[in-house]
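Position chain C relative to chain H; hints supplied.
Protein chains in written order, with the working numbering: chain H, 53 to 373; chain C, 99 to 424.
Everything labelled a hint here was simulated from the structure, so no lab data went into it.
Treat the hints with care, since some could be wrong.
To be verified - Okay, derived cross-link-like pairs now, EDC-like style, lysine to aspartate or glutamate, Cα gap no bigger than 16 angstroms in a straight line: (1) C:Lys319 <-> H:Asp150; (2) H:Lys250 <-> H:Asp275; (3) H:Lys256 <-> H:Glu186; (4) H:Lys226 <-> H:Glu124; (5) H:Lys296 <-> H:Glu362; (6) C:Lys319 <-> H:Glu111.
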Amino acid sequence: MNSLLEVRNLRVEFPTRRGTLVALDDVSFAIEPGEVLGVVGESGAGKSMTGAAIIGLLEPPGRIAGGQILLEGRRIDNLPYEEMRRIRGRHIGAIFQDPLTTLNPLYTIGRQLVETITTHLPLNPAQARERAIEWLELVGIPAARDRIDAYPHQFSGGMRQRVVIALALCAEPKLIVADEPTTALDVSIQAQVIALLKRLAREKGTAMMLVTHDMGVIAETADRVAVMYAGRVAEIGPVREVVKHAKHPYSSGLMASIPPLDRRVDKLAAIDGSMPRLSAIPQGCAYNPRCPQVMERCRQQRPDLLPAGETRAACWLYAHD
Amino acid sequence: MFAFIISRLLQALPVMLVVSFISFAMFAYVGDPVAIMLGQDFTEEQRQALIRQLGLDQPFFVQFGTFLGNAVQGNFGISYRLSRPVAELIVERAPATLELAFTAAFLALAVGVPMGVYTGLYRNSWLSKFFLTFSLIGVSLPTFLIGILLILVFAVWLGWLPSFGRGEVVNIAGWTSGFFTWGGLKALVLPAVTLGLFQLTLIMRLVRAEMLEVLRTDYIKFARARGLPNRAVHFGHALKNTLVPVITIAGLQLGAIIAFAIVTETVFQWPGMGLLFIQSVGAADIPVMAAYLMLIALVFVVINLVVDLLYYAVDPRLRIGKSGGH
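Okay, chain H solo, but in the shape it has when bound (with noise of 0.2 angstroms):
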């Protein structure tokens, strides 16, 4: 039995005038249908270039140089363009962070539905309307059927974001990949947002891969975990496991860093120095500097996903040699 979507040692580098510069490196997951996995880390991590690569749209000059990825067995990283288009939108969603500019302000929220709808199933123009305004219910659009001929100025940031999802959901993908969906929004919609994504995830049996760099959104939603650190993955696994007994110095410390709510901190604790830039990333593993448990090891070699506990970590820590 497949994974949904599972992705293979993947690589991707951006050629530049000064060297090429490897923003993802070895990375590896899977995601089984209808599952949630998080994906957390800093800026820069590589999670949305993750999601970039998954759904096929890398921004030039940047290029997927090794590693597969898979949906349902298949192999989705070297189709030509055009196939690759059709798997977009029906069988991979995608889920943008700021719904105030996902939308073209041109065209009302209705066109915009109706022509996802009808590029990927076959349905006239009449039926797309009247599953548009379904889809437009579904996601909590008020006098949906009164609403559809509005353009998205006319909404607000919330409600645009509904609208974005009624438009990743609408041709039923089996896969959405939600980059920082909440992140644009007010902290007082974005519980709404998530649960609504929750649930319609829940209901259509669809599996997500939810970027962000909100613990709270993790805990929340997700099964599973992966925390990104330099463009690798550095730990992954069930949720719960992740945020309570994280087994990578690198996700304690961000685990750590979230300021408990039960009591009054005077200093937010914080992992000392930041992350690489991709054109210096050190030898070994990429969080050695940082790291309050560095052995030699670390400064040398470059640690696997080792199993640990419950989840894996990339970590020497976890070596049995």
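Just chain C, lined up with the frame of chain H:
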């Protein structure tokens, strides 16, 4: 919408007033119309009679009022040079200029927009690089040189197209048109290319720059992520978002084409308003110059109004009052 048009027309009134004032000032202060009209041999009685007849003994503002009143009725006086009513001369010449200008503008848009889209989409193809190099020539070569070069190649060397004039024209209810005869169409080619080439390259470069800008936006990325075919993404979503600036520039350029067809009309001896104007300048034929000035101001005012209305058609965010938002 109707109220908007009315308010824009009201805003145009001061513009037209100022322009007519300048036209009038030209009458009053550039040269002495009496001396020009009388010639060399006249008596003092004839001079006084002409001054009274032209109303030049009246106070300044009364004269301006009379001028305005006449201008509103389309009466711009008599040409000094040709001794015919100015309005008649302009009406006679307008079809030639308008046909030339609209052909040039059509050419610029019909070729410039697709070239701009192409060079925006395929930035690195050799054809895009060729178009860009070619557009540099179009932008940098002066109109008269392009005209003369085209005449040299297509009229003198190849002998395919006439080098001057409008060819045969058909008169339809007072409108002379070169669109309906083979000779008229042939005569239109070189002047239209000359006049439109700069606009074409300008529009191409503008569309290209706008396309590059729009293609980077999130909604284009999202349109791709929704799996829409390239044609829908490029022409449905991207091109439409480039239209607002393109309409602005194209509108202003159409005004410029009509107003400044002078050089092209001179090179090709095209019997339009520009040629009339340049000949009038040579002869200090002030009534014609004044009328031309006001006409061009009117053209710009009308074009700006049309451009504003097109914004409304293209961009829903500008339409007020139809909102159903929270």
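Here's how the hints hold up against the structure:
no., hint, in the structure
1, C:Lys319 <-> H:Asp150, "12 angstroms, holds"
2, H:Lys250 <-> H:Asp275, "11 angstroms, holds"
3, H:Lys256 <-> H:Glu186, "14 angstroms, holds"
4, H:Lys226 <-> H:Glu124, "10 angstroms, holds"
5, H:Lys296 <-> H:Glu362, "12 angstroms, holds"
6, C:Lys319 <-> H:Glu111, "10 angstroms, holds"
The structure fails none of the hints (numbered hints given earlier).
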